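Residues per chain, in single letters:
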Amino acid sequence: MTENKWIDLEVKDNETKSHEIGPVTVWLKKVNNEIWVASEYADDVSATSNTPEKVNVLEWSRWALPGNETQFSFRPAFPDRPVVVKPEYPFKIITKAKVRVYTRIPVFIKVVLTSKPDFVITEIPTVILSNTWFGLHTEGELCYWVTTSARRAIEPSDMQPWMAVCPIEITNKQDEPLDFDKLCLRVEQLSLYKADEYLWADETQIFNQGREKYSDVQMKDKLPKEAKGGGLITKPRVPIKKNFASRSFKLFKDIRVWD
Amino acid sequence: MEQLELIEEILPEDYTVTLIRVLLLFVIGLPVFALLRRITRKYITRKFNEHYGLLTGKVVFYTGVIIIIIMSMHDLGFSLAPLLGAAGILGVAIGFASQTSVSNIISGIFLIAEQSFVIGDIITVGGNTGVVLSIDTLSVKIRLFNNQFVRIPNETMIKTEVINITRFPIRRVDCYISVAYKEDLIRVRKILFDVAEKNPIALQEPEPLMIFDGFGSSSINILFVAWAIKEDFLKLRNTLNMGIKQRFDEEGIEIPFPHVSLYAGSATDSIPIVMSEREKLQND
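As you go down the protein sequences, you meet chains D and C in turn. When you number the first sequence by the working numbering, it's gap-free, plus one each residue, and the end is 281. When you number the second sequence by the working numbering, it's gap-free, plus one each residue, and the end is 344.
Bound-form chain D, shown alone (with noise of 0.2 angstroms):
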């Protein structure tokens, strides 16, 4: 059992408080009817010792409050934008085979009020995201880039609990082998659950239909199985598009990055 990250916070008037969750240290500080907000990541080079001087060189986001709140909590949420993964080892699904593969993706910290859980004050990205673009030289999405193992099965080692699990279901349609090289997950259509302190996402089923087609993508809204007695703890971002056509596999062999 792992110790609870999404906890609840009070800070009182001239108070400061920090808060650990994965690589990222989270700072409030009530100053008046303000919450002041900091963040340092542990990879920081210009990270300070955990001394009382390290409030002064913090870069502090100021927030005006709508009354005199001292309850704030941490929420987990997925990542803004969707999020390309990369397995370190690219595998193929041969014709009509149907793999389960398992992605890790860093969650964003929602700083909100305990009283009022959608005002929501800030979003912190535990881990800082890579940027990526999925689609042509001339028309596409800004995305996130995530590196992964791309496990076939998910052991309690691997879990951390500002890393969120996502089940994919890959079902290959097409009469040629699928090159998994490279999967945009739509991670803001996801919800997000905690079970023993971890959190999961629904299952995402994707059904490749060919390399010039859209896959069908499908997100189950439920919790995964591998999560037995979890329960929801953050909604999509957008509303769920239950199954919906989606360029899900980057071809890029069709384009050319040198012109």
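Worth flagging that the hints you see were computed from the coordinates, not collected in a lab. The model shown is predicted, which means the values in this text are computed figures rather than measured ones. It is possible that some hints are incorrect.
Stated by the list, open to error - Each computed DMTMM-like pair below joins lysine to aspartate or glutamate, with the alpha-carbon atoms no more than 25 angstroms apart:
| hint | chain 1 | residue 1 | chain 2 | residue 2 |
| --- | --- | --- | --- | --- |
| 1 | C | K258 | D | E145 |
| 2 | C | K290 | D | E163 |
| 3 | C | K258 | D | E42 |
| 4 | D | K108 | C | D254 |
| 5 | D | K108 | C | E267 |
| 6 | D | K244 | D | E177 |
| 7 | C | K305 | D | D65 |
| 8 | D | K195 | D | E110 |
| 9 | C | K290 | D | E161 |
| 10 | C | K250 | C | D234 |
| 11 | C | K295 | D | D102 |
| 12 | C | K258 | D | D65 |
| 13 | D | K132 | D | E210 |
| 14 | D | K132 | D | D243 |
| 15 | C | K295 | D | E62 |
| 16 | D | K120 | D | D201 |
| 17 | D | K242 | D | D203 |
| 18 | D | K247 | D | E219 |
| 19 | D | K114 | C | E267 |
| 20 | D | K204 | D | E163 |
| 21 | C | K201 | C | E291 |
| 22 | C | K258 | D | E163 |
| 23 | D | K138 | D | E32 |
| 24 | C | K258 | D | D102 |
| 25 | C | K258 | D | E110 |
| 26 | D | K204 | C | E267 |
| 27 | D | K242 | D | D180 |
| 28 | C | K250 | D | D65 |
| 29 | C | K258 | D | D203 |
| 30 | C | K295 | D | E81 |
| 31 | C | K258 | D | E81 |
| 32 | C | K295 | D | E145 |
| 33 | D | K257 | D | E191 |
| 34 | C | K201 | C | D181 |
| 35 | D | K257 | D | D180 |
| 36 | D | K204 | C | D292 |
| 37 | C | K290 | C | E257 |
| 38 | D | K244 | D | E191 |
Start from chain D and add chain C according to the hints.
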């Protein structure tokens, strides 16, 4: 009061009423058409784009102004037939005299139809780079980044090469780098890719690329490219080049300055250097 009496003497009563009516036509008509222009512009901008909105708004407003003028002249008792006849003759004369303007108007129509750029795009024309403010009947107006205003006739725009910098959503940042001949290029390549990977603004796809640019007189020249969304272009150019310089300094990779090696020729030994006493003392 005396002035009013004077006007009454000069102008007959029905003519005063006509004048008031004409005045009201302008006072009410112009704001109404200005309002219509604003509504049309907003609607078309929302439905299509800002440029079409601006154009349609102008058409609505100026059509309204012409209608008001014609109605006013009719009310004031001017017969429009001789006026139109005179306008025809005048039109021919003006047409000959304003060939450039006509050419600009036609070029403007082509510019709008072709849509090589729209309002808000950043373009380069004849060495000037700036934001397109408007595409008007006669000219294209551009705001340069030093906040200067440039007006380019439509005819010139049609004839000149125009580079639209913000047409596509992503842009490439080119970093021209020189390293000393003694450096291991495989290590340099690894460092460059690592710098790009750790820069969150640099896109992972399309992948960054290192291109060997040639053996220079004092250095090996490399072109390293990475991509960013168009909004982050300048940010990436700064952070990427600064990151490369910082990493090169940390890793001890030399960015050479132009230098010249002197040889006395194959028949002789190296050029002898004699150190003065003062230099010796300084070195000690």
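Status of the hints after comparison with the structure:
1. C:K258 <-> D:E145: Status holds; Cα separation ~21 angstroms.
2. C:K290 <-> D:E163: Distance of about 12 angstroms is within 25 angstroms: holds.
3. C:K258 <-> D:E42: holds, 23 angstroms
4. D:K108 <-> C:D254: holds, 17 angstroms
5. D:K108 <-> C:E267: holds, 13 angstroms
6. D:K244 <-> D:E177: holds, 21 angstroms
7. C:K305 <-> D:D65: holds, 20 angstroms
8. D:K195 <-> D:E110: holds, 24 angstroms
9. C:K290 <-> D:E161: holds, 12 angstroms
10. C:K250 <-> C:D234: Between K250 of chain C and D234 of chain C the Cα gap is close to 17 angstroms, so the pair holds against 25 angstroms.
11. C:K295 <-> D:D102: holds, 21 angstroms
12. C:K258 <-> D:D65: Given pair K258 of chain C, D65 of chain D holds - Cα atoms ~12 angstroms apart, limit 25 angstroms.
13. D:K132 <-> D:E210: Between K132 of chain D and E210 of chain D the Cα gap is close to 14 angstroms, so the pair holds against 25 angstroms.
14. D:K132 <-> D:D243: holds, 21 angstroms
15. C:K295 <-> D:E62: holds, 22 angstroms
16. D:K120 <-> D:D201: Holds. K120 of chain D to D201 of chain D sits at ~13 angstroms (cutoff 25 angstroms).
17. D:K242 <-> D:D203: Within the cut-off at roughly 24 angstroms; holds.
18. D:K247 <-> D:E219: Answer holds: K247 of chain D to E219 of chain D is near 16 angstroms, not above 25 angstroms.
19. D:K114 <-> C:E267: Judged against 25 angstroms, a Cα distance of about 22 angstroms means the pair holds.
20. D:K204 <-> D:E163: Answer holds: K204 of chain D to E163 of chain D is near 15 angstroms, not above 25 angstroms.
21. C:K201 <-> C:E291: With Cα atoms ~22 angstroms apart, K201 of chain C and E291 of chain C stay inside 25 angstroms; holds.
22. C:K258 <-> D:E163: Answer holds: K258 of chain C to E163 of chain D is near 21 angstroms, not above 25 angstroms.
23. D:K138 <-> D:E32: holds, 14 angstroms
24. C:K258 <-> D:D102: Status holds; Cα separation ~20 angstroms.
25. C:K258 <-> D:E110: holds, 17 angstroms
26. D:K204 <-> C:E267: Holds, because 13 angstroms separates the two Cα atoms, which is no more than 25 angstroms.
27. D:K242 <-> D:D180: holds, 23 angstroms
28. C:K250 <-> D:D65: holds, 20 angstroms
29. C:K258 <-> D:D203: holds, 21 angstroms
30. C:K295 <-> D:E81: holds, 19 angstroms
31. C:K258 <-> D:E81: Holds. K258 of chain C to E81 of chain D sits at ~21 angstroms (cutoff 25 angstroms).
32. C:K295 <-> D:E145: OK: K295 of chain C and E145 of chain D at ~22 angstroms, within 25 angstroms.
33. D:K257 <-> D:E191: holds, 21 angstroms
34. C:K201 <-> C:D181: holds, 12 angstroms
35. D:K257 <-> D:D180: Holds - the C-alpha atoms of D180 of chain D and K257 of chain D are around 24 angstroms apart, at most 25 angstroms.
36. D:K204 <-> C:D292: Cα-Cα ~24 angstroms, so holds.
37. C:K290 <-> C:E257: Holds, at roughly 18 angstroms.
38. D:K244 <-> D:E191: holds, 14 angstroms
The structure shown violates none of the earlier numbered hints.
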